[in-house]
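S.K.: Listed below, chain by chain, are the residues.
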Amino acid sequence: MSEAKPYRVSGDTGEWEVVIGLEVHAQVISNAKLFSGAATAFGAEPNTQVSFVDAAFPGMLPVINRECVAQAVRTGLGLNAEINLVSVFDRKNYFYADLPAGYQISQYSRPVVGKGTILLDMPDGTTREVGITRLHLEQDAGKSLHDQHPAKSLIDLNRAGVALMEIVSEPDMRSPEEAGAYLRKLRTILRYLGTCDGNMEEGSMRCDVNVSVRKPGEGFRTRCEVKNVNSVRFVMQAIEVEALRQVRVWEEGGAVEQETRLYDANKGQTRSMRSKEHAHDYRYFPDPDLLPLVLDPAWVEELKRGLPELPDARKARYMRDFGLSAYDAGVLVLEQETAAYYEAVAKGRDAKLAANWVMGDLFAALNKTGRSIENSPVSAGNLGRLLDLMADNTISGRIAKQVFETMIEAGTDPDPAAIVEAEGLRQVTDTGAIEAAVDAVMAKNADKVAEYRSGKDKLFGFFVGQVMKAMAGKGNPALVNDVLKKKLS
Amino acid sequence: MSLDAATVRRIASLARLRVPEDQLPRLGQELNAILGWIEQLNEVNTGGVEPLTGSAALAMRMREDVVNDGAQPEAVLSNAPERIDAFYAVPKVVE
Numbered sequence: 001m002s003e004a005k006p007y008r009v010s011g012d013t014g015e016w017e018v019v020i021g022l023e024v025h026a027q028v029i030s031n032a033k034l035f036s037g038a039a040t041a042f043g044a045e046p047n048t049q050v051s052f053v054d055a056a057f058p059g060m061l062p063v064i065n066r067e068c069v070a071q072a073v074r075t076g077l078g079l080n081a082e083i084n085l086v087s088v089f090d091r092k093n094y095f096y097a098d099l100p101a102g103y104q105i106s107q108y109s110r111p112v113v114g115k116g117t118i119l120l121d122m123p124d125g126t127t128r129e130v131g132i133t134r135l136h137l138e139q140d141a142g143k144s145l146h147d148q149h150p151a152k153s154l155i156d157l158n159r160a161g162v163a164l165m166e167i168v169s170e171p172d173m174r175s176p177e178e179a180g181a182y183l184r185k186l187r188t189i190l191r192y193l194g195t196c197d198g199n200m201e202e203g204s205m206r207c208d209v210n211v212s213v214r215k216p217g218e219g220f221r222t223r224c225e226v227k228n229v230n231s232v233r234f235v236m237q238a239i240e241v242e243a244l245r246q247v248r249v250w251e252e253g254g255a256v257e258q259e260t261r262l263y264d265a266n267k268g269q270t271r272s273m274r275s276k277e278h279a280h281d282y283r284y285f286p287d288p289d290l291l292p293l294v295l296d297p298a299w300v301e302e303l304k305r306g307l308p309e310l311p312d313a314r315k316a317r318y319m320r321d322f323g324l325s326a327y328d329a330g331v332l333v334l335e336q337e338t339a340a341y342y343e344a345v346a347k348g349r350d351a352k353l354a355a356n357w358v359m360g361d362l363f364a365a366l367n368k369t370g371r372s373i374e375n376s377p378v379s380a381g382n383l384g385r386l387l388d389l390m391a392d393n394t395i396s397g398r399i400a401k402q403v404f405e406t407m408i409e410a411g412t413d414p415d416p417a418a419i420v421e422a423e424g425l426r427q428v429t430d431t432g433a434i435e436a437a438v439d440a441v442m443a444k445n446a447d448k449v450a451e452y453r454s455g456k457d458k459l460f461g462f463f464v465g466q467v468m469k470a471m472a473g474k475g476n477p478a479l480v481n482d483v484l485k486k487k488l489s
Numbered sequence: 490m491s492l493d494a495a496t497v498r499r500i501a502s503l504a505r506l507r508v509p510e511d512q513l514p515r516l517g518q519e520l521n522a523i524l525g526w527i528e529q530l531n532e533v534n535t536g537g538v539e540p541l542t543g544s545a546a547l548a549m550r551m552r553e554d555v556v557n558d559g560a561q562p563e564a565v566l567s568n569a570p571e572r573i574d575a576f577y578a579v580p581k582v583v584e
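Note that the protein sequences, when read in sequence, are chains A and B. Heads up, the first sequence is in this note's numbering, so the first residue is 1 and it goes up one at a time. Heads up, the second sequence is in this note's numbering, so the first residue is 490 and it goes up one at a time.
A portion of the hints provided could be inaccurate.
As the list claims (entries may be wrong) - Where chain B lies over chain A, by a calculated footprint (3+ residues, C-beta under 8 Å):
no., stretch
1, 46-52
2, 126-140
3, 153-165
4, 192-202
5, 288-300
No lab work stands behind these hints: they were computed from the structure. Built from N, CA and C at the ideal position, the CB exists for glycine as well.
Okay, chain A solo, but in the shape it has when bound (with noise of 0.2 Å):
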């Protein structure tokens, strides 16, 4: 691992170092909610999935969803982190139009899930690893809207009940960059469990954000905390602006003050939430309409085995058994899918091309159509085919980008060899035409093959261009550089 240049804040004392931690709320994929038997489903009615439970009618008591405690074991599993078969859920006291039950049934002291790790794909291609506290098991809440009427907030308790995964980071990261590359990677890890599906815009994944300034060397200072940050662009900005708004006021002789702040993504700038003065003083104590949560070590074996190939083995696969670079393989196992279409292009053929191929021209062409790797514009078939018929000398690789792009623009999926047949671009590897065009060529130059000859090497490109170009670039590429070689010495 090479040592990156440490991030740095500059102000008028010198340089200051940023902590970050984070804090991400997961929303668990299931059917029903974390203690109740209503849907989960997004965009429904107003208030169609909600039960007595959820509503917080008295005397309605709350039952544990299974698959809930299930995916949180598995998310914990794949963050390499202690499992507690003994856990406890505690209620997390505050008054919001939205929280029915005034309180949320949390966990507090006893998660479901203690200390892992994740390792994070810096962008120059090394790993660094970040401390996880904690995962536990919550509710959500309702959807507050304020903007449906002029005097009242409208309240849909559709999301109350929804099990959230809170998943906690040391304070471990220093720069904007491994903020981001912890949520990226947090993402991936989520989406190949099958957890969560990750999804930032839809507040299915939702960040709070912790950041604090020192100077290198120093113990942590007061940290702030930024709510709700609903990208990973906006986390690494609002970072970026905390920091230097926390640099400002120690440098001023002022101290910074624990709170909790928000993120304006339009002025770029954090401001603090007045509201929630008194929001750290909880009152948190054991819910008394809940048993502790015991699990069997058996049931969590089984969960074990049940699990994906996760991106950071996935990844060393490829640098192992394909030869590929930490960067390439990073990029190619960050979507199950781009995974999936990767090895099914790589299987049997040249794993290196095979990446340059799925990461250049079919990510290109993506990009181009604005289409997602699952209704790619060419299957993983077909581009193996055409990679097929490059390996047998079929057609070159100038060839092959130009039927690449026939495929793409066709939209139908069609077959490379079709298109090499009907367009006529089957390579020239027959020596006397390619030794015919080459002599044409050289007499219609003479004079370049004179420079040549005295010494001018860098003319050889020339004579390959023109060589191509007389052969509407059929000819095999390395028969036309023997050629060539041959006759210009």
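Following the hints, put chain B in place on chain A, whose structure we already have.
M.R.: Quick look at chain B alone, frame taken from chain A:
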């Protein structure tokens, strides 16, 4: 341990109770009596003893991940002091 008037006021505010200023001392006395009793309980050495959370079963029962509830907006909204369409309506929450 003894609670002062400011702490009692804060606890009342967290619990959304409006307590007239002249009643704070009496409420403080009552809370102090409760805390005194809990302090007595704290004298018992409970090191290494797991908390007792119930008298019968030791572990929580679990439900299967099946949707078998909800789809009853009228029943859910039946006790709402105020509603607009299928939403609960509450005094505007100012952020």
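S.K.: Does each hint fit the structure? Answer for all of them.
M.R.: Evaluation of the provided hints:
no.	hint	verdict
1	46-52	holds (count 7)
2	126-140	violated (count 0)
3	153-165	holds (count 5)
4	192-202	violated (count 0)
5	288-300	holds (count 5)
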